[in-house]
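Since the structure of chain A is provided, determine the placement of chain B on it from the hints.
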Amino acid sequence: MTGELGKHLSEEALDDVLIGLGTAESEAHLAGCAACRAKAEAFAGDVRLFNAASAAWSEARGMRPVVVAAEAPVRRMPFALVGSAAAAVLAIAVGVSVGHHRHGTMRGDGGPGAVEDSQTQIAQDNELLQAVSVAISPQEVSPVDEYGLTARHKKHRKAHPK
Amino acid sequence: MATYPLGSLSTGALEMGATGVPRLESGGAERARTISELDDIDELVRQHQARIRRFAAYSTGDPDLAESITQDTLLRAFRGRDKFRGDCSVSTWLTGIAINVIRDHLRSNRFKFWRQVQAKGVDAQEMASFLPSDAVSQERRMLAQERVKRLYEVLETLSENQRTVFLLKFSEELSVDEISAILGMAVNTVRTHLHRALKAVRGRVGEGI
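Chains as they are written, first to last, in numbering that gives the first Met the number 0: chain A, 0 to 161; chain B, 0 to 208.
Same shape as in the complex, but just chain A (with noise of 0.2 Å):
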């Protein structure tokens, strides 16, 4: 672990005693070695008054308090109203769809006039499944009600009737 002439620690021997991970030999050499010493000793008041001053640094910083914020609680919805929705909507969903159906077999002709009754059916339809929505959700405020879409888009079917 000594240098070529086998006075001295090599540099990467003296390294590997700063690091921590000198071998006996080593440390043994460093002991005696004034020379050796003076190396490492040169080092380790380096690090020593860098470390004094980084600490002084930030210790002037000033202590911040870490502010921490209260967890607001997660906003759940009751499970059985949850599914209560989930199910009106379900049943909505397929008794319209059953209902249109119906109603497009027993006209059965697929003329104009079919096209004319399915536009009316489907504006009724998002009427209904609007409100529903409306009633399944009271504590948010609906954009329909909010931006007035109902009633514009009746005054718009009113003033451009196809």
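Simulated from the structure, these hints should not be mistaken for laboratory data.
Only true hints are included.
Here are some chain A residues the structure puts well away from chain B; computed CB gaps all over 12 Å:
{"#": "1", "residue": "Ala90"}
{"#": "2", "residue": "Ile91"}
{"#": "3", "residue": "Val93"}
{"#": "4", "residue": "Asp124"}
No more than 16 Å apart at the CA atoms, straight line, and that leaves these computed lysine to aspartate or glutamate pairs for EDC-like:
{"#": "5", "chain 1": "B", "residue 1": "Lys198", "chain 2": "A", "residue 2": "Glu11"}
{"#": "6", "chain 1": "A", "residue 1": "Lys38", "chain 2": "A", "residue 2": "Glu10"}
{"#": "7", "chain 1": "B", "residue 1": "Lys82", "chain 2": "B", "residue 2": "Asp38"}
{"#": "8", "chain 1": "A", "residue 1": "Lys38", "chain 2": "A", "residue 2": "Glu26"}
{"#": "9", "chain 1": "A", "residue 1": "Lys6", "chain 2": "A", "residue 2": "Glu26"}
{"#": "10", "chain 1": "B", "residue 1": "Lys198", "chain 2": "A", "residue 2": "Glu10"}
One side of the interface only, derived from the structure: several residues of chain B facing chain A at Cβ under 10 Å:
{"#": "11", "residue": "Asp41"}
{"#": "12", "residue": "Arg45"}
{"#": "13", "residue": "Arg53"}
{"#": "14", "residue": "Val121"}
{"#": "15", "residue": "Ser128"}
{"#": "16", "residue": "Pro131"}
{"#": "17", "residue": "Ala143"}
{"#": "18", "residue": "Tyr151"}
{"#": "19", "residue": "Phe169"}
{"#": "20", "residue": "Val189"}
{"#": "21", "residue": "Leu197"}
Every residue gets a Cβ at the ideal spot worked out from N, C-alpha and C, and that includes glycine.
Relative to the frame of chain A, chain B by itself:
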């Protein structure tokens, strides 16, 4: 274990647990104290803020970023205190969290980060001026300040890994095994980074002084 007059530097590894991470310094009383320390955010700040800030500042080179990293580290530690198992000291655990916070930041803001470093890095001269006077002569004090400044300037030139392992070893005083565990890096890789960092520091700090 033999020690040499290297100040706070240990010449040997700490006593290690079976898993390769250090054991808690003492028994049940210490653990109880540690847990209560983690339960009190103000105590965490008082005990560890300056040390984490220093590590973050000299790892990233950005004092403002270091503030944010320090706050985030302490907050994460407080919120995740139930995960502390006592396998290592609180200090080492916090350092591990700080390293993760720094990595997260580097991953998400690399370009912004380097731009910030260029604009407002740690002022080496200012940092060196914080050196305690200890009643030494003005000349010796100036020389000491110059060496501190040089050491910091050399650290800035090291790679990110070399700088981090150097700071963990010589400022945070962790053993090579602890550094290996905290960084998830092989012991031999840690040694290689340390050797390169030491070569640069020992070779260049004295230059021109």
